[in-house]
Amino acid sequence: MAAPIRILLAKVGLDGHDRGVRIVARALRDAGMDVIYSGLHRTPDEVVTVAIQEDVDILGVSLLSGAHMTVFPKIFERLRQQGADDMIVVAGGVMPDEDVAALKAMGVKEILLQDTLPQVIVDTLRRLVAERGPR
Amino acid sequence: MRPALARIYRLAGRAHIVGITGVPGSGKSTLVGKLAQKLRARSMRVGIVAIDPSSPYSGGAILGDRVRMSELATDSGIYIRSMATRGATGGIARAALDAVDILDVAGFETVIIETVGVGQDEVEIARASHTTVVISAPGLGDQIQAIKAGILEIADIHVVSKCDRSDANRTLTDLKQMLTLGTAGTAAKEWITPVIATSSVSGQGIDELLDAVGRHRHVALATELGAQRALAIAEFRLQKTAENLLLGRYAKIVVENSKPLALRLMRREGDPYTLADELLNSSLQTEHEHDARSKIA
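If you read the protein sequences in the order shown, they are chains A and B. When the letters of the first sequence are read in order and numbered with this note's numbering, they come out as residues 1 to 135. When the letters of the second sequence are read in order and numbered with this note's numbering, they come out as residues 1 to 297.
Okay, chain A solo, but in the shape it has when bound (with noise of 0.2 angstroms):
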């Protein structure tokens, strides 16, 4: 049997919600994966020293806060100084749509915005990891 796969969710910056982050940890952990969350009010930097420690497939960062553009690139700056830029990056939360495009250029993989239905992210995301294929 494969072993499951490993994601972090985590919660950065000023941003208190964090009602969307544990349905999705369900639906994860429902999926079958293992799923570590970080709590609220983490830092970029804290948020990739965890990754790396847990050595996980995915780093999911949720937002709903408007700072996507602010953590993302802090995000990568950090893990690229780790020597872990090879960490599949995904988005969750509520970003306005022109921003998107930005964010997919910085490296996130993928947006999961408000509206998307459980399923699709437990899909996309593995669908990222076959794509990256084994380690």
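These are computed hints drawn from the structure, not numbers from a lab. Keep in mind that this is a model prediction, so the values were computed, not measured. The beta-carbon is built from N, C-alpha and C at its ideal position, and this holds for glycine as well. It is possible that some hints are incorrect.
Taking CB as the label site, the calculated pair distances span [what the hints assert, rightly or not]:
#1 A:84 / B:148: 44 to 50 angstroms
#2 A:119 / B:42: 47 to 53 angstroms
#3 B:121 / A:114: 42 to 48 angstroms
Chain A is already provided as a structure; the job is to place chain B on it using the hints.
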């Protein structure tokens, strides 16, 4: 991976392995976070292996222990690894002890294993750690609970958490009385099991707990009791590994062969013992045939 782990195991053996166990919600993760902070203040490097349960249905898991240790996230003297039980039932994940070895070799002087939230019977941690801390939360039992066999017997150190709550004194008294009744196991002269009241809110008792862990480390390193423990740990590791290898070898074949026999068991055409015997024999048969075929090939 096995050659790497073999090399690591031979190099390991320097770290003090501390097991922390207790019922779900008793405050294990929070206390581990506080302990790690204090150990850092004494410039010790701390590795933490934190275990949470896998779902018996989907196999997935929520690993939430880190949420309670958030102050530690970017300190390079602390390494936290979360693990899911993946069907293991003794309170610790199968790969946990390999992870402990890796942290040991990486130079973490203290490695804390935080078990999954346990019930009454998950006592493997006592045979995987030098020092076992059992956490009891107030309000969960009486004197009868306190004299039951199982989890409470394995403690080298008892902690009553959340001692800022008014009913904590009762739990403290019950545990202390229980310890005065004991004649087996814990009656060794080298070590008297302390009962420590802690509060992660006020910080009360954390230093006292750290001192007790330090004193017990000395017992583990320098006494006959510690030597016996070291042998028990090695014995457990060997048996557990053999058990896992055996499971890995037979699980697939047993699962493949079990359907028709389960049907017969459901219809009460046989009893569980006879049919399990049959299942094992037919599985061994399948394995022999497989071996023979691979030899010819």
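Right, here's what the structure says about each hint:
At about 47 angstroms, the CB distance of residue 84 of chain A to residue 148 of chain B agrees with the hint of 44 to 50 angstroms. Remark: the range hint 47 to 53 angstroms for residue 119 of chain A to residue 42 of chain B is upheld by a beta-carbon distance near 49 angstroms. Judged by the Cβ atoms, the range 42 to 48 angstroms given for residue 121 of chain B and residue 114 of chain A holds: they are separated by roughly 44 angstroms.
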